[in-house]
Amino acid sequence: MEKHDKQSDHAPVHISSYRDHWSTLVTLLLLTVVTVVISVFGANLAALSVATALLIATVKVIVVAYYFMHLKYDKKLYTWLVLLVAILFLAFTVLTAIEYFNR
Amino acid sequence: MEHLSGFVLPNSGHNRDDEASKMGMWLFLFTELLLFGGLFIVYMVYRMLNHEAFLLSSFELNVTLGTINTVVLLVSSMTIAMAITAIQKGDKKTSVRLLLTTLGLSLVFLVIKYFEWSAKIHHGLFPGMDFYNNLPKGEALFFFLYFIMTGLHALHIIIGAVLIGVVVHRTRQNKVNQEKYALTENAGLYWHLVDLIWIYLFPLFYLIH
Amino acid sequence: MTAVSTQLSFFDTRKGLFSWIFSVDHKRIALLYLYSLITFFLVGVTLGLLMRYELLNPGKDLVEAKTYNQIFTLHGVIMIFLFIIPSIPAVFGNFFLPIMLGTDDVSFPKLNLLSWWVYIVGALMALSTLVFGDGPADTGWTFYAPYSVKTGTNVTMSVLAAFVLGFSSILTGLNFIVTIHRLRTPGMTFLKMPLFAWALYATSWIQLLATPIIGITLLMITAERVLGVGLFDPSIGGDPILYQHLFWIYSHPAVYIMALPAFGVISEMLPTFSQRTIFGYKAIAFSSLAIAFVGYFIWGHHMFTSGMSGTARFIFSMLTFLVAIPTAIKVFNWVATLYKGSINVQPPLLYTLAFIFQFMIGGFTGLVLGALATDIHLHDTYFVVGHFHYVMFGGTGFAFFGALHYWYPKIWGRMYNITMANIAFVIFFIGFNMLYFPMLIVGLMGMPRRYYDYLPEFHLPNMISTYGSWVLATGLILMLANLAAGFFKKGPKVGRNPWNGITLEWQTLSPPPVQNFDRMPEIPLNGPYDFENKPAIKE
Numbered sequence: 001m002e003k004h005d006k007q008s009d010h011a012p013v014h015i016s017s018y019r020d021h022w023s024t025l026v027t028l029l030l031l032t033v034v035t036v037v038i039s040v041f042g043a044n045l046a047a048l049s050v051a052t053a054l055l056i057a058t059v060k061v062i063v064v065a066y067y068f069m070h071l072k073y074d075k076k077l078y079t080w081l082v083l084l085v086a087i088l089f090l091a092f093t094v095l096t097a098i099e100y101f102n103r
Numbered sequence: 104m105e106h107l108s109g110f111v112l113p114n115s116g117h118n119r120d121d122e123a124s125k126m127g128m129w130l131f132l133f134t135e136l137l138l139f140g141g142l143f144i145v146y147m148v149y150r151m152l153n154h155e156a157f158l159l160s161s162f163e164l165n166v167t168l169g170t171i172n173t174v175v176l177l178v179s180s181m182t183i184a185m186a187i188t189a190i191q192k193g194d195k196k197t198s199v200r201l202l203l204t205t206l207g208l209s210l211v212f213l214v215i216k217y218f219e220w221s222a223k224i225h226h227g228l229f230p231g232m233d234f235y236n237n238l239p240k241g242e243a244l245f246f247f248l249y250f251i252m253t254g255l256h257a258l259h260i261i262i263g264a265v266l267i268g269v270v271v272h273r274t275r276q277n278k279v280n281q282e283k284y285a286l287t288e289n290a291g292l293y294w295h296l297v298d299l300i301w302i303y304l305f306p307l308f309y310l311i312h
Numbered sequence: 313m314t315a316v317s318t319q320l321s322f323f324d325t326r327k328g329l330f331s332w333i334f335s336v337d338h339k340r341i342a343l344l345y346l347y348s349l350i351t352f353f354l355v356g357v358t359l360g361l362l363m364r365y366e367l368l369n370p371g372k373d374l375v376e377a378k379t380y381n382q383i384f385t386l387h388g389v390i391m392i393f394l395f396i397i398p399s400i401p402a403v404f405g406n407f408f409l410p411i412m413l414g415t416d417d418v419s420f421p422k423l424n425l426l427s428w429w430v431y432i433v434g435a436l437m438a439l440s441t442l443v444f445g446d447g448p449a450d451t452g453w454t455f456y457a458p459y460s461v462k463t464g465t466n467v468t469m470s471v472l473a474a475f476v477l478g479f480s481s482i483l484t485g486l487n488f489i490v491t492i493h494r495l496r497t498p499g500m501t502f503l504k505m506p507l508f509a510w511a512l513y514a515t516s517w518i519q520l521l522a523t524p525i526i527g528i529t530l531l532m533i534t535a536e537r538v539l540g541v542g543l544f545d546p547s548i549g550g551d552p553i554l555y556q557h558l559f560w561i562y563s564h565p566a567v568y569i570m571a572l573p574a575f576g577v578i579s580e581m582l583p584t585f586s587q588r589t590i591f592g593y594k595a596i597a598f599s600s601l602a603i604a605f606v607g608y609f610i611w612g613h614h615m616f617t618s619g620m621s622g623t624a625r626f627i628f629s630m631l632t633f634l635v636a637i638p639t640a641i642k643v644f645n646w647v648a649t650l651y652k653g654s655i656n657v658q659p660p661l662l663y664t665l666a667f668i669f670q671f672m673i674g675g676f677t678g679l680v681l682g683a684l685a686t687d688i689h690l691h692d693t694y695f696v697v698g699h700f701h702y703v704m705f706g707g708t709g710f711a712f713f714g715a716l717h718y719w720y721p722k723i724w725g726r727m728y729n730i731t732m733a734n735i736a737f738v739i740f741f742i743g744f745n746m747l748y749f750p751m752l753i754v755g756l757m758g759m760p761r762r763y764y765d766y767l768p769e770f771h772l773p774n775m776i777s778t779y780g781s782w783v784l785a786t787g788l789i790l791m792l793a794n795l796a797a798g799f800f801k802k803g804p805k806v807g808r809n810p811w812n813g814i815t816l817e818w819q820t821l822s823p824p825p826v827q828n829f830d831r832m833p834e835i836p837l838n839g840p841y842d843f844e845n846k847p848a849i850k851e
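Chain order of the listed sequences is S, H and F.
Heads up: the first sequence runs through residues 1 to 103, numbered per the working numbering.
Heads up: the second sequence runs through residues 104 to 312, numbered per the working numbering.
Heads up: the third sequence runs through residues 313 to 851, numbered per the working numbering.
Hints listed in this document are in silico derivations from the structure and should not be mistaken for laboratory results.
Take these hints with a grain of salt, some might be off.
[As the list claims (entries may be wrong)] Label pairs and their calculated CB-CB ranges:
(1) H:Gln281 / F:Phe598: 20 to 26 angstroms
(2) F:Asn812 / S:Ala91: 42 to 48 angstroms
(3) F:Phe644 / S:Leu83: 29 to 35 angstroms
(4) S:Leu83 / F:Phe598: 16 to 22 angstroms
(5) H:His154 / F:Gly622: 20 to 26 angstroms
(6) H:Glu163 / S:Tyr73: 41 to 47 angstroms
(7) H:Val174 / F:Thr501: 46 to 52 angstroms
For every residue, glycine included, the Cβ atom is placed at its ideal position computed from N, Cα and C.
Put together the whole structure using the sequences plus the hints.
Okay, here's the thing in structure tokens:
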């Protein structure tokens with residue numbers, strides 16, 4: 001049976017360099033340090049700390065998805081789908097949170 | 104599938120299609136995200152209802168070990184991403200080495216997790232134990248969520264490690280090579296997901312005080 | 313490696329049980345699903361008939377209160393998880409999606425087989441509660457906490473069965489999405505896909521993104537039962553309303569897993585039997601996506617009387633009305649398709665028309681329930697039972713049987729007795745409406761649901777309803793007996809295109825060969841329902 005190679009139907013594959021991977025890791029580690037420092041030494045900023053921690057975590061997740069998971073170089077479709085899932089989950093949490101805030 | 108004589112469609116479902124396997128993996132990751140998503144909603148609601156108890160309980164967790172595990176997972180995410188770069192460049196030897204490094208780091212993660220869990224279990228904090236049953240409701244919920252979420256996450260680490268083991272084997276057999284590395288990519292995607300979930304678990308359990 | 317002729321039908325390539333239950337051919341898997349689904353459906357129907365018999369007269373007729381509760385739980389679990397969620401996607405989606413796209417299989421054929429096996433394991437787990445443990449669950453199919461945590465019946469097994477069945481649903485959805493993205497025939501863009509494929513695409517996204525939430529929720533119920541953690545039981549610190557939230561975050565979108573494929577089937581049958589293009593192709597296609605999307609945000613309307621906060625009830629009620637818009641768009645377009653068409657009255661069209669009529673009743677009563685004030689009065693009455701049977705059975709059920717009549721000649725290459733099918737349809741239709749319309753009335757009168765008994769003043773409508781159930785069963789038996797002919801290879805043979813349809817499945821042999829097409833399929837010039845430029849089909 002004739003095999004049609006589907007790899008040929010899109011642009012040449014982008015190969016990330018080792019160097020890029022190292023810089024991504026350094027960024028992620030820096031963000032980790034920031035979030036731990038805020039939490040351990042900034043205890044008096046209690047109200048801020050959860051929001052900042054989640055914000056930093058989200059930035060880290062975006063970095064991982066964009067570079068390590070290759071979203072930056074893949075078809076845009078994947079980025080849109082990831083956004084769709086994120087919006088959906090956010091809607092679930094917001095609607096649930098509205099309910100409990102108003103009990 | 105039988106070998107077919109006569110007419111065969113050009114867009115057959117039995118052709119090799121790397122893009123399709125990648126798409127399938129992404130869709131599977133979405134289901135994983137929402138599986139954990141359900142638990143995150145439970146966490147959010149009970150944190151809203153038991154604010155103080157969640158703060159107090161989080162002091163019981165060891166920030167140092169949590170941080171080390173975060174670093175371990177981040178590094179392992181980089182090594183598996185590099186393994187893909189290596190196989191794309193046709194460097195199978197380096198790819199296998201990097202995959203084995205990732206595998207080693209996953210073991211480090213699990214060992215640290217094991218010590219954390221056994222310390223908690225030693226204190227009787229596992230659901231169903233006597234000490235646990237006498238905890239105030241808020242604390243009990245915190246530890247239940249801690250065990251079920253990190254437990255489910257650890258299960259995913261184990262599955263990911265097995266998957267990486269398969270990739271190593273296939274690469275050595277030359278079934279994964281410079282022209283055909285969808286499996287390495289998919290294992291990488293799966294491993295990054297495990298990392299992503301930990302990125303949220305870590306601050307929510309260890310850093311909220 | 314045996315060489316298989318292009319002309320040989322998929323029934324004839326290989327023989328024997330194992331060639332079926334381990335087949336990776338999407339057509340064989342579809343039929344495996346069909347036979348298992350019909351079996352479970354008949355079990356569910358039997359349980360339903362038992363319930364209706366119990367309700368024939370006030371007081372005890374047949375079973376004890378607890379047995380009745382177990383019967384209605386099992387009826388719900390079987391009909392929802394084993395029949396109606398997989399029904400159209402797993403049978404007709406599996407069989408016809410690849411053919412309509414002009415390809416020879418789904419993207420992951422082995423995964424497809426796996427999802428059937430997972431389905432069978434889940435089904436056996438659900439049915440095992442009849443025999444093992446302390447009897448089937450008596451909680452209702454929703455497994456509401458805290459009762460589901462406290463009852464002595466075998467809830468754990470039922471819940472795990474639902475969890476396993478969820479996996480099967482996810483795998484099917486995943487497979488269809490990738491298939492639609494990757495395997496369309498050259499020239500078939502998204503906007504040249506048949507509407508059935510669009511409906512399945514929207515459905516698959518719901519299956520994929522909603523099912524995991526119920527999975528984890530059901531696991532938490534199990535954990536609570538086994539470990540005694542106060543997750544949902546208020547007496548040990550949990551919040552029962554949270555369970556309902558998580559349950560309906562899945563189960564409301566799941567309503568559209570059941571309804572959307574039916575919309576797709578209807579959108580296929582109407583153009584064929586009107587012999588003209590569908591009215592508003594894009595509107596129907598995009599309204600499927602809109603329903604899928606909006607459907608995620610309205611789960612709270614199942615919980616208006618559960619003690620949710622007032623603000624949330626208000627928001628959910630508002631959002632609920634939004635979903636009526638895309639649904640109405642579809643109905644208007646269907647009716648407009650019939651206008652000035654050359655209508656060919658055949659059994660599938662009869663089911664289609666019954667679908668539109670009954671689904672409208674279901675939809676309008678749904679709006680009554682979506683309105684906050686009326687829902688408070690009607691929520692725990694038979695009005696709700698009538699409403700969802702009109703949507704699920706009068707809608708999806710009728711679409712399923714309509715699809716069976718529509719694609720029957722393509723699947724088996726033979727025609728059933730059309731007069732007999734028409735007679736069975738009339739009896740089925742009358743029985744259905746006799747069975748469920750009185751429920752709407754007793755509901756408005758205030759008869760509460762879920763009880764095995766009722767006050768004497770509700771006697772007459774309940775009697776009519778029970779008699780209706782017998783008429784319905786008669787119609788069903790006649791219909792299935794008539795259709796069984798194909799299974800036993802009876803009935804006159806048909807050519808490629810007995811209904812004069814236009815989508816790609818009518819260009820191939822009936823039954824199709826293993827690789828689906830014996831020559832390259834041709835797509836019509838201007839979209840999938842372009843009857844004016846219909847490619848000529850040579851036998």
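Here is what the structure says about each hint:
1. H:Gln281 / F:Phe598: 20 to 26 angstroms: Between glutamine 281 of chain H and phenylalanine 598 of chain F, where Cβ atoms are some 42 angstroms apart, the hint is violated.
2. F:Asn812 / S:Ala91: 42 to 48 angstroms: About 45 angstroms separates the Cβ atoms of asparagine 812 of chain F and alanine 91 of chain S, which means 42 to 48 angstroms holds.
3. F:Phe644 / S:Leu83: 29 to 35 angstroms: This hint holds: roughly 32 angstroms between Cβ atoms.
4. S:Leu83 / F:Phe598: 16 to 22 angstroms: holds, 19 angstroms
5. H:His154 / F:Gly622: 20 to 26 angstroms: Between histidine 154 of chain H and glycine 622 of chain F, where Cβ atoms are some 23 angstroms apart, the hint holds.
6. H:Glu163 / S:Tyr73: 41 to 47 angstroms: Distance hint for glutamate 163 of chain H, tyrosine 73 of chain S holds at roughly 43 angstroms.
7. H:Val174 / F:Thr501: 46 to 52 angstroms: Cβ of valine 174 of chain H to Cβ of threonine 501 of chain F: about 47 angstroms, so the range 46 to 52 angstroms holds.
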